[in-house]
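Visitor: Next come the chains, spelled out residue by residue.
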Amino acid sequence: MSQYTPDSEAAVEEIVRAARARSEPLEIAGGGGKRALGRPVQAAATLSLGKLAGITLYEPSELVIAAKAGTPLAEIEARLKQQGQRLPFDPPRLHRLYGGDRDTASIGAVVASNLSGPRRVHAGAARDSLIGVRFVNGAGETVKSGGRVMKNVTGLDLVKLMSGAFGTLGVLTEVTFKALPAPETEATLVFEGLDDHQAVACLSAGLGSPWEVTGAAHLPAVAGAPARTLLRLEGFETQMAYRGKALGDALAGFGGCDILRGADSAARWAAIGELEPLAAHDDEAVWKVSTTPNKAPEVAAAIRAATGARLYYDWGGGLIWVAVPAEGDAGAAAIRAALSDAGGHATCMRAPDEIRAAIAVFEPQPEPVMALTRKLKETFDPDRVLNPGRMYAGV
Amino acid sequence: MSSLALPAVDAGILAKRARIVERLGEVVGARWVISDEDELRAYETDALTAYRQIPLAVALPSTTDEVSRVLAVLNEEGVKVIGRGAGTSLAGGALPLADSVVVGVSRMSRVLDIDTANRAIRVEAGVTNLAVSGAVDHLGFFYAPDPSSQLACTIAGNVAMNSGGAHCLKYGVTTNNVLGLTVVLMDGTVIELGGTHMDSPGYDLLGLMTGSEGQLGIVTEAVLRILPKAEGARPVLVGFSSNTDAGTCVSDIIGQGMLPVVIEFMDRPAIRICEDFAHAGYPLDVEAMLIIEVEGSEEEIVEQLAKIVAVARDNGAVHVREAKTPAESAAIWKGRKSAFGAMGRISDYMCMDGTIPTGRLPEVLVKISEICEGYGLGVANIFHAGDGNLHPLVLYDVNDPEQLEKAEACGADILELCVEVGGCLTGEHGVGIEKRELMTSQFNATDLDQQMRIKTMLDPQWLLNPAKVFPLAGRPEPVRLKTSEAA
Ligand SMILES: Cc1cc2nc3c(=O)[nH]c(=O)nc-3n(C[C@H](O)[C@H](O)[C@@H](O)COP(=O)(O)OP(=O)(O)OC[C@H]3O[C@@H](n4cnc5c(N)ncnc54)[C@H](O)[C@@H]3O)c2cc1C
Ligand SMILES: Cc1cc2nc3c(=O)[nH]c(=O)nc-3n(C[C@H](O)[C@H](O)[C@H](O)COP(=O)(O)OP(=O)(O)OC[C@H]3O[C@@H](n4cnc5c(N)ncnc54)[C@H](O)[C@@H]3O)c2cc1C
Chain E
1 MSQYTPDSEA AVEEIVRAAR ARSEPLEIAG GGGKRALGRP VQAAATLSLG
51 KLAGITLYEP SELVIAAKAG TPLAEIEARL KQQGQRLPFD PPRLHRLYGG
101 DRDTASIGAV VASNLSGPRR VHAGAARDSL IGVRFVNGAG ETVKSGGRVM
151 KNVTGLDLVK LMSGAFGTLG VLTEVTFKAL PAPETEATLV FEGLDDHQAV
201 ACLSAGLGSP WEVTGAAHLP AVAGAPARTL LRLEGFETQM AYRGKALGDA
251 LAGFGGCDIL RGADSAARWA AIGELEPLAA HDDEAVWKVS TTPNKAPEVA
301 AAIRAATGAR LYYDWGGGLI WVAVPAEGDA GAAAIRAALS DAGGHATCMR
351 APDEIRAAIA VFEPQPEPVM ALTRKLKETF DPDRVLNPGR MYAGV
Chain X
1 MSSLALPAVD AGILAKRARI VERLGEVVGA RWVISDEDEL RAYETDALTA
51 YRQIPLAVAL PSTTDEVSRV LAVLNEEGVK VIGRGAGTSL AGGALPLADS
101 VVVGVSRMSR VLDIDTANRA IRVEAGVTNL AVSGAVDHLG FFYAPDPSSQ
151 LACTIAGNVA MNSGGAHCLK YGVTTNNVLG LTVVLMDGTV IELGGTHMDS
201 PGYDLLGLMT GSEGQLGIVT EAVLRILPKA EGARPVLVGF SSNTDAGTCV
251 SDIIGQGMLP VVIEFMDRPA IRICEDFAHA GYPLDVEAML IIEVEGSEEE
301 IVEQLAKIVA VARDNGAVHV REAKTPAESA AIWKGRKSAF GAMGRISDYM
351 CMDGTIPTGR LPEVLVKISE ICEGYGLGVA NIFHAGDGNL HPLVLYDVND
401 PEQLEKAEAC GADILELCVE VGGCLTGEHG VGIEKRELMT SQFNATDLDQ
451 QMRIKTMLDP QWLLNPAKVF PLAGRPEPVR LKTSEAA
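Those protein sequence lines, which keep their order, are chains E and X.
One point on numbering: in the UniProt record's numbering, the residue at position 149 of the first sequence is 149, and numbering is uninterrupted.
One point on numbering: in the UniProt record's numbering, the residue at position 31 of the second sequence is 31, and numbering is uninterrupted.
Take the hints with a grain of salt, since some may be wrong.
As the list claims (entries may be wrong) - To spell it out: a stretch of chain X is covered by chain E in this simulated footprint if at least three of its residues, at any positions, have a beta carbon under 8 angstroms from a beta carbon of chain E; those stretches are:
{"id": "1", "segment": "159 to 167"}
{"id": "2", "segment": "190 to 198"}
{"id": "3", "segment": "297 to 309"}
{"id": "4", "segment": "417 to 424"}
{"id": "5", "segment": "428 to 435"}
Think of the hints as simulated: they come from the structure by calculation, not from any bench.
Don't be surprised by glycine CBs; every beta carbon is placed ideally from N, CA and C.
Based on the sequences and whatever the hints tell you, model everything.
Guide: Here it is in structure tokens:
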């Protein structure tokens, strides 16, 4: 298996053009570690972006940062931190899920997978902060979309299309993000002992309040630990005192709460973003289930009843992380059946190769949407050179 | 009409007008098809009034299904389609063509579902922007994107143009606030994207549709994110003796970790015009003025405003007026909100809409004055400074063809300047017909081809709003489907 490691956009173009000419599909890798994810890609060669790295622009007073796609996320976060800023959407690494070094995850892969952490409920997904991209399409042409300013409605928005396309529409070479000032401090209200319905009601009430809840998760009871429902606030210290009290009073109907402050609060949310509450064992498959928040308890109950899954809620209930035994279809049919009334979708985040090859890893789409999906692939990558089949067969 | 060319009119389409009108009537009911010339006049232009053209007909469907059948008919007949909300586009996006049918969604204006538990509202696309907030106001919620035209403009137009407003600095633009869409493709296929849940699966078609200016499909319904209202909000008005001081003040506020909900900028001519109209008590002895609004509890507001005023004073602010009462807040906003009307009273104007990196603000403002002086035209600047979205209003006389041409050329120079310094041609109004030919200054042929391949794939005959967005030169030949000419 050949391995290409271009260090310039021009070299990426050349590799893609040559691969197209030889009808040799390429598997695209950022930091590399998560190759065993998505649908298995049948590719004879890997195009690794590891050497296409470096921050290309950072203007703190304009809240904008750009980097080549192979730049480690860790480097970007460290640079932003020096100026008291951060990426708005809390990108997780998921290194505990996939193994490997947490510091190798690349910014290109964050975009390609549209990775967003707990703050997504407040700050939007990765795609919402992404303001510009450069990528090489399947014809080996560099295309740019968006730019380095916050507001831009010039032409079709390919920036959004590139995020969450898992490298099937183009090889990202450079990405530009909007940054935000990091808050002075944070605090987390912790309610204990709520059942799933009460918990999601509590999260909804918090998210519907004026006090700017920036994290909303529920960890059901597990052996030895009671259920915990968590709501995060961020801002200046003085605001934390006021908002913490106001929010606690407004949610008094759900019982009293403890408050985690500063670093304790931050550590708790990092753990939630990195799936620690699931403590998934190696012999378990992991699913990411997205549904309407207040329908989540029913969906969760149906999944539990059918598979015996362990799970927890993030995004105010809108995201359920599920661990099931990696047997049979790894719960695919049961999980999707649970969603059929509530609406939403499920992605298999981890499972052995043979299971992923046999099930729909990404949610199957209605035919008119699938037809569009295939046509879009055609317009970007007519000969299916880039990550063929990673998301859907034939795409 | 001035320098902007329109595609040649298809005489074959004009010839079968009666049949098209009849077929549309069969779908939506004859009374909802407009074909009388006097009545068609209401649709001959949008808010870019320099351009006018009466369409072949107007159809006003009332459901997604009717839109689907209308498009299927027009697709079969090979007729061009111009989607229309309220016609407030400032880029000529809703300008008809002589051989086109305008498909308006004004009758589709129902709020379908309000879901505060999940912070979402489902509406038909013809509902106005303000009505969305209005529907949830009593529940303590609002819809964040707030274009100045919000009283009139529709969610359909907002989605098509990816509209923004003063609050975008904190809450984002339309694309950041849409959870789901129902879209009818040109062949009549109905697709449902997203829903009340976050992160729709597969390719981000929601993101692709939003801001696509009626090029890819007709939007009939939307699920929008609604947000809880802040406890309170209050502006401060700060005046400076130079644009540069005001510009660096904006950078410093953000650089120091504050994120107000609004930072609006007005230059001397804009201040004067608005003050004459609204008597808002604006300072007339300053070169530039910022309106900065913060949100939160009373204590938070006081604390944030104190920090902002300190930064402003460090940057040489010569005038500071903190609103202390709701009446004072309203007065500060009144001048800004009436800006477009006030301007219209004294002159015709073209409202440009470029964005720039905020660090280049002072230099760009100087250059804009020079460009306008070069054409002998006046200019006033009012804009969303926090995100670098400039709105130079280029003043001209609409009845003087020479001035119109100058205003167009002047506007083009300004937008090219925006691109040159790292910004873009449009921050919120869209490309429409107005900036179509300028697209080549921001995109090269490869960039544009990639976009046009998507257009062709979704609309092979190039029937959807075809004179807009993409430069006329370099377009692919439309794939001519067999029309039912012989039928
Ligand atoms: C199917 C799948 C779903 C995932 N979903 C999530 C999720 O929802 N939440 C989460 O936290 N993590 C998710 N991940 C994990 C995520 O990819 C890692 O956490 C990421 O940060 C790994 O970084 P990496 O550079 O090692 O990734 P890699 O393994 O190198 O790449 C991950 C994906 O991005 C593509 N990619 C990488 N670089 C580029 C580029 N420059 N241009 C185009 N495509 C590129 C790859 O082809 C691959 O599909 C997902 C991964 C996959 C494959
Ligand atoms: C005084 C004034 C102030 C303004 N202030 C702002 C502002 O602050 N921010 C801002 O962003 N804009 C502003 N605008 C511009 C304008 O209001 C917005 O672009 C608005 O979104 C247009 O909405 P509309 O319903 O009037 O759409 P229209 O003008 O009817 O149409 C706009 C575009 O959308 C397309 N379209 C319409 N309906 C559909 C549909 N159902 N499906 C697909 N495409 C469709 C049209 O073909 C056209 O290209 C302002 C305009 C005016 C006149």
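Visitor: Looking at the structure, which of the earlier hints fail to hold?
Guide: Violated: none.
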